[in-house]
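Each chain is listed here by its residues.
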Amino acid sequence: MIERPPNQPPPAGEGVSLFGDAPEIDLSRGRVDLTLVRLRMAWRTLRDGWAVFVESRIGVLSLAIIAVFALMAFSHPILMATVWEPDVYDPVTGYAFDRFDHPAPPNWRHPLGTDSLGRDILSQLLFSAKSEFILGITAALVTVGIATTVGAVAAYYGGLVDSLLMRLADLIIALPGISLLIVLSALFNLNLFYLALIIGVLGGFGGTAIILKSQALSIRVKPYIEAARAAGGSHFHVIFVHIIPNLLPLSLLYMMFTVTGAIFAEAVLSFLGLLDIRMSWGIMIHTANVGGYLLSGANYWWLVIPAGASITLLCSAFYLVGRALDEVVNPRLRRHDG
Amino acid sequence: MTSYLARRAGQMVLTLFLIVTLTFFLVQAQPGDYATFYSLNPDIPAEAREQIKASFGLDKPLWQQYLVHMKNTFTGNFGVSFGHYPRPVMEVLAERLPRTVVLFLSATAVSFYVGFFLGKAIAWRRGGVLEYAATISGATLFTAFTPAFALMMIWIFAFKLGWLPVGKFLDPLIWRGAEVSANHVFSYMLATAAVFIAFAFLTLLAARKLGRLGTGRMPFLVIAGGAAVIPIVWAFTGVGYLALDILRHMILPIATLTLISFAGTMLLTRNSMLETMREDYVMAARAKGLPEKVVRDRHAARNALLPVITSLVYSLIFAIDGSVIIEGVFSWPGTGMTLLEAVRSEDLPLVMGSMVFIGLFSLLAHVIVDVLYVYLDPRIRYQ
Amino acid sequence: MPMTTADTEPVLKVVDLSLSYLTRQGPLQAVQSVSFELGRGQSLGLVGESGCGKTSIANCLMRLLPDNGRLTSGQILLDGQDLVPLSEEEMRHFRWGQMAMVFQAAMNALDPVYRVGQQVVEAIEAHGVEVTTAGARERVARLFRMVGLDPQLMERYPHEFSGGMRQRAVIAMALACDPSVIIADEPTTALDVIVQDRLLRELKGVQRELSMSMIYISHDIGVVAEVTDRIGVMYAGRLVELGDTADVFGAPMHPYTAALMSSFPSISGEKHELETLPGEPPNLANPPAGCPFHPRCAYATEECREEFPAQVQRGSRWTACWHPLTDMAGVGQ
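Residue numbers (numbering that gives the first Met the number 0), protein chains in the order written: chain P, 0 to 337; chain V, 0 to 382; chain S, 0 to 332.
Here chain P stands alone, though its shape is the one from the complex:
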């Protein structure tokens, strides 16, 4: 260590820092600085991970697609508040008085046309994007919240707790999810929120928990866990401060896959007319199907293609981002190494 006069500021740290200058080293405020050091390390990990991620062209493209859909979701309330009259453009109750030939083909006032009930397709499309994000992200957060906790707890305690949680996970993955949701929709009134919750819980106690547990097992045997225990850390402290943060990269990956699954499940159930949801891409196709427009092929393309393409695009985008993240988290899949 180099001795420094007490009043002189410390030299700036090397590399990119999240907060400009390097955190001050002061033993009396050790805890705060430790957090800063952790944050900087996390930042560095993120930056390195990003460098690997952007090498995957498919991953970057998919991220861009997700960004476009996010913009669409944000644009709907703005458009409704400014240029679109609610009477005409409301995705559920609106009616395009300017035309009589519903479903009307795309025109200046309705860029994607109207559906058989005279409602604007573009408005429905944008409105649904928001629902899909809410659904997907809620489900993913619930899944990952449960799965990281279950995985970490099962790996940390082992024994009976582990067996019980893993048997439950085996049970859940043994069940076909969509079929189960179809059954549930017959018994209960499923709205967007319940659907997200059910998908999240099924995913969280199911397959994702198994994968995160095996990862947590490999973290559990690392020396720093032993050290944290030896230093007097409680079980709770070790699980939530040392194990779970190390599970987060993998959790992020499985969040992406959960979003894909949730959007897909919603679309299928809506298409089958089994959900209590105001509007979604699945319902748009359902409406077209009930009206018998689906098998007319290209004649009424605007009733199917925008919604169908949106489902496929957003699902594949989240899925492919997940796969690109897989290459970041799992270096063995990379093309060149070291």
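Just so you know, the hints here were simulated from the structure itself, not pulled from any lab data. The structure displayed is predicted, hence computed values, not measured ones. Don't take each hint at face value.
[Claimed, not checked] Here are a few chain V residues that face chain P, going by a calculated C-beta distance under 7 Å:
no.	residue
1	Thr14
2	Ser136
3	Ala138
4	Ala143
5	Ile319
6	Val323
7	Val342
8	Met354
Just so it is clear, CB atoms sit at the ideal spot from N, CA and C, and this is done for glycine as well.
Dock chains V and S against chain P, hints included.
Structure of chains V and S alone, referenced to chain P:
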């Protein structure tokens, strides 16, 4: 090995038990009960309502109801369907199960084979056009909106090209005046398929026993010969044209289900191959001067198969869900469509029955995967 | 001694071999201008720290480089035939048929899903050494006996073998097609000392008996001294000293050889203080100028930092050093 299989079988029984328990409590949790359906009419007097309730055993305490439910389910008694009254649920499902099994098995077999083959190829030659094409089209099909994709297939092949029928199990015009029932013909078709598969399997087994003499094209020629005999035999039965009609109705659903599910296996195989290709035994195989194809197929792919088989469970679950959707869209009268019909008409006994059947189906898939894995991995086989 | 055949044409001749790996950090020079000869029935040891390019040379000779490996120059002459320009299919016949390998990690060199005997039979059939399966199996049984394995073990799977048994099986596999050259890459590293010692003797015995040539690669200079006629010392992708084993051990010329020897217990049982070499091997993506050893060398001078030294040759022995330790006049006579 026996202990491994026994343990897995034990888990399966436990899982089935849990599924049946789950169905019981789901029915309990939903508003109303089975008796409500029969006593919807407001003119039914309160006394009669109680009688109907009692006839379902709904006046007994919950734990007794649970035990009765357990006993009934495990003896195959799912009650009487509301929608198909007075047919028992079991009878409705037993008629429809084989159709689902055929759809599911053939689609799974084809998609597994195609997926494994492509996954192997794109991992072996990384960065090629094939990799991009297969990954993108595979991922798109994998995440494509199944119902819309199925409808697109119908539109292209049934409406525009007119090659194949739109949906359903058979064409009533062809069957008018036929003296046999569709189920009768279908069961003969199943028997034919079973005999053919057994024949092909035995041929390959014999080829293996013969050693080098059995390699090459010979066994495949024998199998192709066997396949050629089938239409000739059917032509003499007089119902060949009926079987052909069912067959024509099968093609589109099976092709659609195959297309949406092959990508899962393909992407898994690719990842698994990339890992095994780094193993020393693959390098050793190449060092031994074995031809490239042998190194790829007999060593790299053979070992890459193991994790793919373990994850096959997920693909099978995906395919089960897929077959429910496909059956719905194609009006293919199997278990999946039964479930959808039952849900739409709120035919609760049939819903729960289908649920147990689908659960049983996925458990069987698990068992098959387990047995397959034990067979393929000597480290478990000889423990 | 097998030196009697050394005057004939060498079975393997490596000329100016250079190899680099393409990595994120740029090209990495794993092997640079390496030349050596291997006489018929002779055994040559290659020693050096891990990462010095020994294994890369072995993989290079078999032309089994990873996707990012590039041969930038050199010839590999096996019985006068250059292997470098051969196509993959032509190369296939040389692998195992002419040149076989005993792998570094014998644990993993056997495919877990096939019976051990089958994996040897496979190599024999691929090269048509035996025409019938029965003949091939008979041959495997003989090979198993030769390396001290019960022929009945052919029907077992690798996971049923102990480490030593697997290593024997891998040696039997290497002998399967009567190769003229065997490359043994750290074949005994993962085994305990007693098994290691017995295996070494047997490997040496088999090599003499079948009068094969062998390249023995190890970081353990003591092991190499036991089994080889000649020894080559590698540092940072370069061959820095080459000579008859006894000569090199008697009087090392390169300071690195001397350092390597003093960091291992003496093979003759002589007691001396074990020394550790200060510093670390250089980063091959960005090697130091001049002699790559100069940052760790006690004798380094200005010229060492600037230019790679030319070979100083005496008889069958040479070194690449500006300041050889032994007086050259007294060596190699």
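Results for each hint:
The beta carbon of Thr14(V) comes within 5 Å of a beta carbon in chain P, closer than 7 Å, and the hint placing it at the interface holds. Given hint, Ser136(V) at the interface with chain P, is violated; its Cβ is 11 Å from that chain's nearest Cβ, farther than 7 Å. For Ala138(V), the interface hint holds, since its Cβ comes within 7 Å of a Cβ in chain P; the closest pair sits about 5 Å apart. Hint on Ala143(V) holds. Least Cβ distance to chain P is approximately 5 Å, under the 7 Å limit.
Interface hint at Ile319(V): satisfied, since its Cβ lies 4 Å from the closest Cβ of chain P, which is below the 7 Å cut-off. A distance limit of 7 Å between C-beta atoms decides the matter here; for Val323(V) the minimum to chain P is near 5 Å, and the interface restraint holds. A distance limit of 7 Å between C-beta atoms decides the matter here; for Val342(V) the minimum to chain P is near 4 Å, and the interface restraint holds. Checking Met354(V) against chain P by beta carbon gives a least distance of about 5 Å; that is within 7 Å, so the hint holds.
Against the hints set out earlier in the document, a violation occurs for number 2 only.
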